[in-house]
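Take a look at the letters that make up each chain.
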Amino acid sequence: MKKIFGAIASFLASINLTIILLSVATLIFILQIAQEKLVLAFPSWKWLAAIGQVDFYHSRGFFVLFALFCANLVACTLKRLPRTIAILKSSSRIPDDAFIASMNGSLEVEVDGSQLSREKLQAVISAHFSRLHVIKDDGGRLCFYAEKGRYAHLGFYLAHVCILLIAIGTILSTRGFQYSFDVSKGQLLDPLVVRDATRQEKALDFSLQCNDLKTVSYGESSKLKKHQSTLTILKNGIAVKTLDVDFGTHLTYNGVDIYQDRFSKTINYAKIEVRDMNGKQQEYELKVGESFSAGNAGEKLRLTRINKDSVQLRSLSSTASFWITRTPAQFKEPQLQGYQFSLIELLQKETTSLKAIYDPGQGLIWYSFIAMITGFSICFFLSHQRLWVNVDMQEGRTRVVLAGAATKNQNAFTDILSNIKDELERGLKP
Amino acid sequence: MINTALYNITPYFYLLCTLFYLVHALFKSERFGKAATILTFAGLLVNAAGFIARWIESYKVGLGHLPIRGPYECLTFSACMLVLFYLAIEFKIKTRTFGIFIMPIAFLIMVYATIGVRVAKQIVPMPEVLQGNYINYHLSSCFIGYAAFTISLVASILYLFKREGSSTALLSKKTLDDINYKMIAIGFVMFSILIVTGMLRSKIIWGSYWQWDQVQTWSLIAWLVYAVLLHGRFTWKWSGTLTAVLSIIGFLFSIISFLVGAGFLFASGHFPITG
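Residue numbers (numbering that gives the first Met the number 0), protein chains in the order written: chain A, 0 to 429; chain B, 0 to 274.
Hints are computed from structural coordinates only; laboratory data are not their basis.
Treat each hint with caution, since some may be false.
Stated by the list, open to error - Quick list of the computed label-pair ranges, beta carbon to beta carbon: (1) Ile114/B with Ser125/A: 53 to 59 Å; (2) Asn7/B with Asn210/A: 16 to 22 Å; (3) Thr248/A with Thr234/B: 23 to 29 Å; (4) Asp414/A with Val60/B: 48 to 54 Å; (5) Thr234/B with Ala411/A: 18 to 24 Å; (6) Phe233/B with Asp414/A: 19 to 25 Å; (7) Thr240/B with Ala370/A: 56 to 62 Å; (8) Tyr133/B with Asn235/A: 49 to 55 Å; (9) Lys45/A with Arg117/B: 23 to 29 Å; (10) Tyr133/B with Ile170/A: 21 to 27 Å; (11) Ile114/B with Ala196/A: 49 to 55 Å; (12) Val60/B with Gln199/A: 47 to 53 Å; (13) Thr240/B with Ala411/A: 20 to 26 Å; (14) Tyr133/B with Ala196/A: 54 to 60 Å.
No residue lacks a Cβ here, since even glycine has one placed at the ideal position from N, Cα and C.
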């Protein structure tokens with residue numbers, strides 16, 4: 000059992016798997032998007048056309064590939080952790096010959112012992128490395144450890160973890176909603192009702208009022224610059240936030256972002272009066288597609304069409320539809336039993352299109368993105384340079400052995416070692 | 000317009016630099032080498048001044064946006080970034096030979112930008128959908144990334160054509176490999192910014208982070224190829240021919256992404272960057 004588990008862990012943590020997964024994904028993406036052109040270029044390759052029929056991006060195959068990629072990312076990250084800890088702990092190790100031989104760079108210098116003092120040696124090393132400490136000092140042998148860029152290892156973890164967090168963020172965002180709606184100048188949406196991902200209506204705990212809407216042009220020209228809406232958020236009838244919203248500026252309240260959508264338009268509204276059997280009257284202002292409950296009985300109706308001087312209503316319970324005309328009818332139209340409908344007027348209202356977005360993953364994606372870019376930058380451009388300095392003092396001569404390793408840019412590290420050697424040989428004059 | 004005047008002068012600088020770098024390499028003339036570097040720096044300053052002037056002028060005409068929209072602005076900005084990277088490399092590796100290969104590219108980009116028939120030079124308004132700060136990060140990272148990848152492409156091609164033991168005046172294979180890696184690293188970071196800022200904008204415009212739109216997918220493919228290359232380099236110490244070939248493949252995919260994004264290839268739902 001342990002063996003099987005070990006084999007699976009080793010398979011998942013393998014860099015071969017990473018390369019294979021990235022390469023397979025690359026090939027599949029290319030075939031998916033280029034198959035149409037490839038079929039035209041190579042008509043005999045019929046199997047290419049079959050690829051075009053498969054929606055790979057929403058298939059189980061893609062899910063498996065993505066899950067494997069995530070597992071690989073986690074396993075690789077965990078696999079590397081002990082090695083990183085070992086590297087960071089190696090600062091107290093006293094280097095022997097085998098250890099020095101295993102380093103990427105090593106140099107040996109012999110100087111006159113009378114010229115060399117511990118302080119001078121430390122000064123030369125400190126000029127090139129930020130941390131320096133003595134590992135061993137027993138009179139005959141002195142051992143230093145110096146390092147620079149200790150946090151370079153963080154880049155790998157930041158980049159890997161943040162890619163995973165971005166993926167988690169996009170999954171979290173599916174629990175949010177994005178709802179487009181129109182609102183006319185002066186209209187109050189109390190409360191703001193949206194549809195969530197499951198298309199269920201959901202009343203938010205605040206109201207939204209559109210105070211003003213306008214189209215902004217570039218200077219004197221008629222070229223459209225932007226649509227702008229002045230919106231106010233109201234909580235319990237009290238204005239809590241007002242902002243001019245356009246495509247680049249959005250209003251945020253309680254985690255819900257209100258964005259300006261691309262278009263504003265003039266929408267036809269119908270003002271309808273409904274009288275029930277008890278003589279109770281009620282007025283409604285509706286646009287096509289909007290529903291309302293008529294009277295106390297709660298018969299739910301939807302406005303389905305607006306004509307020049309008439310509107311069509313449809314009952315949502317029975318699917319029966321009927322027309323209401325503005326002018327006195329030539330003949331009696333069949334209407335819904337128990338109600339009397341009349342069309343008061345048809346209005347045209349300038350409306351603005353807005354979008355309410357609630358995205359629980361957005362913050363995670365944003366911060367992970369910034370951390371990921373930092374991680375990549377650390378990974379590519381910072382190097383952890385470690386140096387062990389062994390000083391043997393015998394019979395007036397002092398043998399200094401410099402051995403070290405760098406995680407990146409070996410050339411620069413070798414240059415640093417050479418510079419230290421030169422400075423030591425030049426009589427310790429940095 | 001001052002910006003077009005400055006941009007019109009820039010290719011002359013880049014042409015002169017190319018010639019001077021060539022003379023420097025052929026006749027080993029240090030004087031021409033120094034003059035080429037000074038001219039490159041001057042050309043970069045003129046190019047950058049054109050960019051800043053255009054930015055200011057865009058505000059004066061009431062449009063006010065970072066000048067990286069439309070073919071003219073994209074090309075001139077890319078050339079500027081290309082030369083900036085080149086100068087950084089020249090400063091770092093202390094050899095001027097690479098200029099023979101990079102400066103003609105910058106020159107050709109500027110020539111196409113300034114005399115190309117299909118390249119309109121007017122400052123045009125930024126469409127409403129591209130307004131806001133996102134697009135500045137998205138487009139600037141895009142063209143900085145392309146500039147870095149272009150240099151890695153040149154380094155890779157030179158690496159593949161260079162024979163062992165041939166003249167070291169034309170950069171060593173090790174140096175070319177190093178330039179290739181460093182430019183890919185910069186380009187990879189820039190492409191990551193490009194992809195994620197695009198994702199964040201896509202959520203607002205289209206309602207989801209990922210659309211599998213042609214531009215997004217080709218960019219992701221290029222990113223994946225470079226990711227394979229970088230993983231191989233870090234883990235298996237890939238270098239030389241393999242990384243050069245992968246770098247060329249990565250560049251091809253990134254350029255397809257650009258051509259689709261610019262509306263030159265397949266139809267895409269992505270808003271054309273050069274539209």
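Hints, verified against the model:
no., hint, verdict
1, Ile114/B with Ser125/A: 53 to 59 Å, "holds (57 Å)"
2, Asn7/B with Asn210/A: 16 to 22 Å, "violated (48 Å)"
3, Thr248/A with Thr234/B: 23 to 29 Å, "violated (45 Å)"
4, Asp414/A with Val60/B: 48 to 54 Å, "holds (52 Å)"
5, Thr234/B with Ala411/A: 18 to 24 Å, "holds (21 Å)"
6, Phe233/B with Asp414/A: 19 to 25 Å, "holds (22 Å)"
7, Thr240/B with Ala370/A: 56 to 62 Å, "violated (35 Å)"
8, Tyr133/B with Asn235/A: 49 to 55 Å, "violated (34 Å)"
9, Lys45/A with Arg117/B: 23 to 29 Å, "violated (38 Å)"
10, Tyr133/B with Ile170/A: 21 to 27 Å, "holds (22 Å)"
11, Ile114/B with Ala196/A: 49 to 55 Å, "holds (52 Å)"
12, Val60/B with Gln199/A: 47 to 53 Å, "holds (49 Å)"
13, Thr240/B with Ala411/A: 20 to 26 Å, "holds (24 Å)"
14, Tyr133/B with Ala196/A: 54 to 60 Å, "violated (24 Å)"
The earlier numbered hints that this structure contradicts are 2, 3, 7, 8, 9 and 14.
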